[in-house]
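Residue numbers (the working numbering), protein chains in the order written: chain A, 90 to 406; chain B, 90 to 406; chain C, 90 to 406; chain D, 90 to 406.
These are calculated hints, taken from the structure and not from any lab test.
One should not assume that every hint holds.
[Said to hold, decoys possible] Reference excerpt, derived from the structure (chain D facing chain C, CB under 10 angstroms, subset only):
#1 138
#2 229
#3 233
#4 248
#5 251
#6 253
#7 259
#8 363
#9 371
#10 375
#11 377
Positions of the beta carbon are idealized from the N, C-alpha and C atoms, including for glycine.
4 protein chains.
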Amino acid sequence: MTEPQGGSDPSLFETRATRDGDEWVIEGWKFFTSNARTAAFLIVMAVTNPEVDVYRGMSMFLVPTDTPGVRIVRNIGLMGERVPGSGSHALIHYDQVRVPAESLLGGEGQAFVIAQTRLGGGRVHHAMRTVGMASKSLDMLCERAVSRRTRDGLLAGKQSVRDYVADSYIQLTQFRLFVLYVAWCIDQGHDPRAVRRDIAAIKVLTPQVLHDITQRAIQVHGALGVSDEMPLGGLWMTAPVMGLVDGPTEVHRTSVARQVLKGYTPVEGLWPSQHLPGRVAAARAKYAAHPDALGSAAVGWSAEDLAADLEHEVGNQ
Amino acid sequence: MTEPQGGSDPSLFETRATRDGDEWVIEGWKFFTSNARTAAFLIVMAVTNPEVDVYRGMSMFLVPTDTPGVRIVRNIGLMGERVPGSGSHALIHYDQVRVPAESLLGGEGQAFVIAQTRLGGGRVHHAMRTVGMASKSLDMLCERAVSRRTRDGLLAGKQSVRDYVADSYIQLTQFRLFVLYVAWCIDQGHDPRAVRRDIAAIKVLTPQVLHDITQRAIQVHGALGVSDEMPLGGLWMTAPVMGLVDGPTEVHRTSVARQVLKGYTPVEGLWPSQHLPGRVAAARAKYAAHPDALGSAAVGWSAEDLAADLEHEVGNQ
Amino acid sequence: MTEPQGGSDPSLFETRATRDGDEWVIEGWKFFTSNARTAAFLIVMAVTNPEVDVYRGMSMFLVPTDTPGVRIVRNIGLMGERVPGSGSHALIHYDQVRVPAESLLGGEGQAFVIAQTRLGGGRVHHAMRTVGMASKSLDMLCERAVSRRTRDGLLAGKQSVRDYVADSYIQLTQFRLFVLYVAWCIDQGHDPRAVRRDIAAIKVLTPQVLHDITQRAIQVHGALGVSDEMPLGGLWMTAPVMGLVDGPTEVHRTSVARQVLKGYTPVEGLWPSQHLPGRVAAARAKYAAHPDALGSAAVGWSAEDLAADLEHEVGNQ
Amino acid sequence: MTEPQGGSDPSLFETRATRDGDEWVIEGWKFFTSNARTAAFLIVMAVTNPEVDVYRGMSMFLVPTDTPGVRIVRNIGLMGERVPGSGSHALIHYDQVRVPAESLLGGEGQAFVIAQTRLGGGRVHHAMRTVGMASKSLDMLCERAVSRRTRDGLLAGKQSVRDYVADSYIQLTQFRLFVLYVAWCIDQGHDPRAVRRDIAAIKVLTPQVLHDITQRAIQVHGALGVSDEMPLGGLWMTAPVMGLVDGPTEVHRTSVARQVLKGYTPVEGLWPSQHLPGRVAAARAKYAAHPDALGSAAVGWSAEDLAADLEHEVGNQ
């Protein structure tokens, strides 16, 4: 899906597939194709109808890796992958690649819908895996804290280490509950827009939770924490990946905001609905019209008292 | 309960109550007694048995405010309360205050138990109120965002405002779920230690959630946000109060950590249980002893392959 | 300057001043006019030429407060100001207010230039005052830390309090150095654009430094810290004001970025200039062309060795 | 220096050197010995006098790597180093290693002094290198921002990217000024304790500045940022190293706090020196004793007015 000039934004994709008799001819570049180096076939998203927008104009194709014209230009690694040049994410040139008509996956123009269907679940899946990875970091952090001695006693006795433990537990527990909640909403068939908002929300949290807890775990492991002898280095390098895979954090944060803001209507006039001068005036007007509304004799308060009291509250904000 | 020299730490309390015939004689200072200025009676926590620790040596007394010897030295306000000298939290000197024996609340030495019983629920209560207060801030933030126009259009169209909305929604939703979860655990009669851990956890979050969301709401209101014409100022001043009431954040954070760390046992020897060289060696040993364990013929993998593969994974951390 | 519908954005100002014989007639609303309640005269920024942009179309006028048509609609307080209705920042209606021609300050259309001249210095001034206010918070924090005893000894012995002290000292020292540096650049007559960038930078830091240090100082003071008996409450309420006065933080952050980004030119082609495959290829090409450039015999390295070494460095990133 | 059980805390070091005729016999384990794999000699810090504290009881030795008894047990890599088992930081067992008497570096018992001398400069050196590395990250961030196009235009036009740029510039500029200031203080021969405090301060900042700016640069590079084709991955893995090398952040933060707190003396009595009730009482007392002190006739203010005014200020905090 991803292209070098367009990242994960489909509206910038340039790879084209053109119908030629019983075949499709694919031409273009794809970037960060996972596991291409060892794959028997590739799935390619290409524009088949440039006249309409990308949400309806792209199609998906199944392309055997050994099809003539498929060229892996570089096998790019994620940071920390061992051997340069043999990484797991390929830059591929599709140079007039011909596949038979039945290589089309789903219908023509269906690529975006297919991808979106997978992406929602994929994001929840990344969040769930992150619950696991972050738990592993927390476990390492805690085991180290109760095992490692300094001149003043166990690390577990130091307040900064305790803060690391507490903050990590709190962050992870909140995240876990939110992920479970989203999964439950999906199962219940809740309002798809609310579900999309909340999937975007856990996607925003995913890299941050993994990052923060792993950072603290590394710190209490000292030199060992930054070595290649603990799984912490791998988790540390995974955290920023989680902020980009299936869309960057900035895009998901904006999605959340847009959905939340849809629930609000603009106020009329210059002042907010909670503007205190307006609320005091409204209260005065209300009790002036119904002086006996609250049985002032019984409670010993007149309507004027009530208005004054509200005004006092306003005074104290 | 609070004393000027001891804050909320009962082990530093100095107010004494001594039995004298049918009466108790109370002597000492109390600080931040809520609503003393308008109260008909006061509840006083005093040491009745200095021989034992505070958890068993303090008792609670009901003291009518007009008892001779009760002197409100200053009516202290919270920041932002309007009239200096007439605040809602008194500094009180109990100068040889005599109350009848039946003023004792609960049994002798029961003060700590009574207070703790209330405090757990009280902390959940503060958390729940904070869900409400922070929701109110979020509502003001969003209403403003969709109502206020700048030269480039609505505030709701600006990415930094959207970030404020998204981050606030995410923070509040997580917090709300955690508070609900804790309340549910209490209702279900879950393990009291786990419940105490999680009450402390939401107590740590409470001031932070209110603070962060209110800060963003103030910022999008501009001058109006820092004026006394919006409820935002009051919420802003309440946020740090939430970090101190019923115990400071630092104490609760430590409580969380202590409970979490109880679930871990120290590792034997120098290296963590997840130390990769040890895990590789263990895998090698395991598969060396059972060369055909996985039906290597069928899957095409020898035991040596498996060990190499694990080592490779280790290599990639 | 500020207007209720436009905040501090001059392009949205609506107050007009129209020439009528020897007089100017001012019509419009102004918001958050400091100290209007006790001022003998007001300075009003009004559109005098709506045909040109605001930077050239606004003028400043000196208006005696008792001029007919000047009406203070509300005396708005900052949060925490004591008496509602008698705050220090007025909402004023200028209803056909007539002033003589000589009330014009500077020339016609000069308002923006005059305001900008003051604002640069004003922002540095706020930053310098904040150095003082934050120092005061740090002093209170440290005095409390070395004075207050808990059951485990002085607060100064607790790691979380020490972290508060260290982080506050570090934050304040950095900020102080930056403010001094900016003042020095102004004195030296450095490039005005660089100076504007750095004035905006310290303006962004100002509310944050005051906020963070004051928050920590409040926390170690316990109940006293949130009471009205310490200057901390006032500083706490001043922090968000500093994020809005003379322009909101968001605007200044954008100014900084725009100036910084002006120093960069786009790279040609798809890949960044630091893209490692390109750098390796360039090194290979260079040393292939000059195989003996580095006296490989003497140092024992061939050009091929050098390229391999660079590639290795690239491998290790 | 570092030992596996003791990290960087010399008081926990166990490696011993015992005099035997004209030789020293070294026995013990050392961890994270940089570049041991390719070194001709090793520098070993060992306890020579266990009767005194480590600051006077350790000595330094120069040990040829091929001395019998020197065994590199594992060549540990930093995270991301390419080939497992050939890393740059060795775990070494010194098994009855004999070196001649003249292998002693400096005098007996001088190891700590020698190490400290180097470490101060070493920490400033790491800070300076970090100014360079973080600048490189900022350059990559900015170049990408002005080069990469999305459907809405350049990344440089997006507010979140601008925030990344501005925050990075501000953080780096402050850090650079602080590092320069510390270097200048060293050159000027300022008070060594103040210098140590400030060296610790920039050591605390070092990993954070590198981390924050690199994180933002990675994010705007998308997939490329987490690949092994940019120098960003290497910088990302260096950031946590900077939080541990030459002592963990927690230790340096405590050093800063201890030095800062030495400048403060405890207040007498229960209330802070800035306690407002006390300040008001003091002002009243002062002006009561000198009713004409300020020439009240001339300025129109009586002593009573002044006390009231101060009280009012107190009222407004």
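Hint-by-hint comparison with the structure:
{"no.": "1", "hint": "138", "in the structure": "violated (31 angstroms)"}
{"no.": "2", "hint": "229", "in the structure": "holds (6 angstroms)"}
{"no.": "3", "hint": "233", "in the structure": "holds (6 angstroms)"}
{"no.": "4", "hint": "248", "in the structure": "holds (7 angstroms)"}
{"no.": "5", "hint": "251", "in the structure": "holds (4 angstroms)"}
{"no.": "6", "hint": "253", "in the structure": "holds (8 angstroms)"}
{"no.": "7", "hint": "259", "in the structure": "holds (5 angstroms)"}
{"no.": "8", "hint": "363", "in the structure": "holds (6 angstroms)"}
{"no.": "9", "hint": "371", "in the structure": "violated (14 angstroms)"}
{"no.": "10", "hint": "375", "in the structure": "violated (19 angstroms)"}
{"no.": "11", "hint": "377", "in the structure": "violated (22 angstroms)"}
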